[in-house]
Amino acid sequence: MSNNVKALLLNAGKKARSLENTGLYLVFLAIILFFSLTAPYFFSLQNFMDILRQSTFVLVAALGMTMVIITAGIDLSVGSVIGLSAGITSVLLIQGVPTFLAVAVGLIVGIVCGLVNGFIITRLGVTDLITTLSTLSIYRGILFMMTHGVPFQAFARPDFSVLGRGTLGILPVPILISAAFFFSLRYVLTRTVFGRHVFALGSNSQAALLSGVNVSRKKVQVYMISGFTAAAAGIMLAARLSSVPPDMGQGYEMSVIAAVVIGGTSLFGGSGGVGGTVIGSLMVAIIGNGLILLNVNPFYQYVINGVIIILAVALNNARRKR
Amino acid sequence: MSHDNQSVVEVQRISKHFSGVQALDQVDLVLRKGKITALIGENGAGKSTLVKILSGYYKADQGRILLDGEEIVLDSVLHAQQKGISVIHQVPAFAPDLSVVDNIFLGRELVVRGNSTPLPVLDRAAEIERIQPLLKMYGGEMDPHRPLKKLKAYQQRLVGILKALVFSARVLILDEPTAALPLEEREILLSRILQLRDEGYTILYVSHHLDEIEKVADAIAALKDGKLVGSRETIPGQGEMIEMMTGAKLDSLGDLYRPESGLRAHRAPRVTGTIRRFDIEWELDSGRPNLFREPLSLTFATGEITLLTGLVGSGVKDLTEALFGFQRNCRVRCTSDGTSYMIDNPDSAIKKSIGYLSDDRIGEAVLPDFSIRNNMTLPKLQKVAGILGRILLKQETRAAQELGDRLNVKMRSLKQNILELSGGNQQKVMLARWLFSEVRFLILNEPTQGIDVMAKKEVMDLLFSFVAGGGSCVIATTDPEEFLPSADRVVVLRKGRITGDFSGSDIQRDAVFTSMLIQQGTTEMQS
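Going down the list, the protein sequences come from chains A and B.
Using this note's numbering, the first residue of the first sequence is number 1148, and each one after it goes up by one.
Using this note's numbering, the first residue of the second sequence is number 979, and each one after it goes up by one.
Some clues are possibly wrong.
[Stated by the list, open to error] Only part of the chain A face toward chain B is listed, based on derived beta-carbon distances under 10 Å: (1) Val1259; (2) Gly1342; (3) Ala1347; (4) Asn1361.
[Unchecked claim] Now the in silico label distances, taken between C-beta atoms and shown as ranges: (5) A:Tyr1334 x B:Gly1291: 33 to 39 Å; (6) A:Tyr1447 x B:Val1144: 34 to 40 Å; (7) A:Leu1458 x B:Leu1056: 53 to 59 Å; (8) B:Arg1306 x A:Tyr1334: 48 to 54 Å.
In short, the hints are calculated from the structure, not lab data.
Quantities reported herein were computed from a predicted structural model and do not represent experimental measurements.
Even glycine gets a Cβ: it sits at the ideal position worked out from N, Cα and C.
Kindly generate the complete structure, drawing on both the sequences and the hints.
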């Protein structure tokens, strides 16, 4: 039996090393330790459950973003896509459209947003940064026009709210949804031809092209996936809040990108994965939660998110040089 | 020479190891004043490690370096340069838009003295004055104000050397100085290097080109597996050089390029199977300058190695890219097995069983974050994939392992990152990529560039068996010399036109070079 344990530990050790994420786990534990010692009420099951639930909204969008960043791209429009998809879903719900249809349309809106991003980047040759910065503004503008500045409310039905608030046994539904996203995207990335091509594209797009990878199509598809996951995050968030304010999701791109880069996915493309993104999302949520419990002015959160991204990328660069 | 045989640099029992690999093991090396010492060895023999130690980039684990008889410890590349030791790399890092003079002084600009403003002001006149004598001596007609990107390749290499000279280098380490240079530029550069030697500079010449070494070197040292396996104060023949670095007995370099079955003459007359025909039309009104003015038709027979050659700028590489659907400004129709189809992009080319290898291995072929296996299987992952594109890892690994063994790729594991391999082994992986994809038509740009002799032989043997198995192969090169014995056919390109097409016994070195250099035929009407 002790042999089994030894083998298990050895295996786990190997895995941790192969992920090169040992450092990440240490920082993760250090942050938990820090808040446990300083923030009142932080170290409790109830609070951990809250953090977990809170992290899922960032996580779902960050899973799609991970793919984009693996291709060496970036999607700044996710915050606006979150808002727009949630807005359209809630309008449909208010109009009395069946829940599944409203959700489906909301998801399709996200996919179309991603398609537009991908199309502009690959066909018009506008860089990913400028494209998604512009569509961030465009998609947000559409939501503003739809809402006339007033939040959508009173659309919550039991079968919709369950997406954000429900539980299955003891497990909150958002956690189950994000787990489903996590496992399917991890499968796609690590086990399929599509996933291999995504990595190839980020590693050396020229070589990928010369190996027959349809680089443009892959790029468009990856932005569509990012739009899809952002829309899913938006719909989950709408179900949780029972309200879609016109600025819903604003600034989310920062948390989402922070989660991905903390998770070790390189902004240079070609390496990384969704496993790290889970840790990254948890870290973003823990820091947010801990700071609130410490009564830190919430505006600091913006500063901290920015600093986190810079630190994570700088650390990643240092690791590359080694 | 007044200081004959005076040793300038002496490397004594230098050792260096990296995580489990002994890169250098007790290596001695002497560089003498006014002599060119050649450093040879296969890839992975430790040449670049030695160069990096001499340049201050790495620190040796053991041993010492003497400069003019005194022990020195080099802390950094800058420190080595201050001591007068400079490395001129294969592809020097330059700012292509800046002028010759600006590049030479980049980072060490001369400023106007006694300038009272807080901002230093560039003193270009002083800079020009400083480099003028050097330019006159070694630079030929180089205009110091010309942007670097407008210079010929060999002139750019010279700028790298001049930069070292300006900062009082006495020991020049030239790392593959002639790599990727066209033939006539190579000669000019070599004559400049001899000139430098005669001026009393101490030169370490690192190269795979044994013919060059035979021409210019005065002494030679050979490394193998991190050990010094031979050093001479005279230059032996090329065959002996190969023996020094490989330990294998070989008569001459030429034999390396002949298939085991014998000379080309033995394989030449053969009933060739299918013909693949390419018709290329160029879009001339696209607004972009196009080297190619008229449609080109090329046919290739299976079982043949076709050498596609021409000087740099003749369009050789552009043409290979066109055949693979990688050139935008053209329409390519391919006809084979009685069907005709367009080649719009690399993807469609691969589907029609065409493979392509760029001469820019790192920039356009290798996937740097990928393992050896994943590099091999990329173009045809479908082959080892199940439903919904699920990769069957066991099958993938098995196929990659077979190819790795067959091609004798020296690796620890298939999971190893491709960049950990030597150039020659990387190249073998790139070839394995197309064997895995089971292409029938292989286009290779400079397939033996920057790889060592043994790897070259292995690559060529592989191509022979590829064509013998019914494939056909195009080798595109600006330096046809080494491939001439292996080619079944030679197509020569000059300024976007075919100026020569030789096969079998018509392949004569002089005829090929003539059509590379001089416009032939009477129908040509070009300024």
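Consistency of the hints with the structure:
no.	hint	verdict
1	Val1259	violated (24 Å)
2	Gly1342	holds (8 Å)
3	Ala1347	holds (6 Å)
4	Asn1361	holds (5 Å)
5	A:Tyr1334 x B:Gly1291: 33 to 39 Å	violated (49 Å)
6	A:Tyr1447 x B:Val1144: 34 to 40 Å	violated (53 Å)
7	A:Leu1458 x B:Leu1056: 53 to 59 Å	violated (30 Å)
8	B:Arg1306 x A:Tyr1334: 48 to 54 Å	violated (36 Å)
Hints 1, 5, 6, 7 and 8, counting from the list given before, are not met by this structure.
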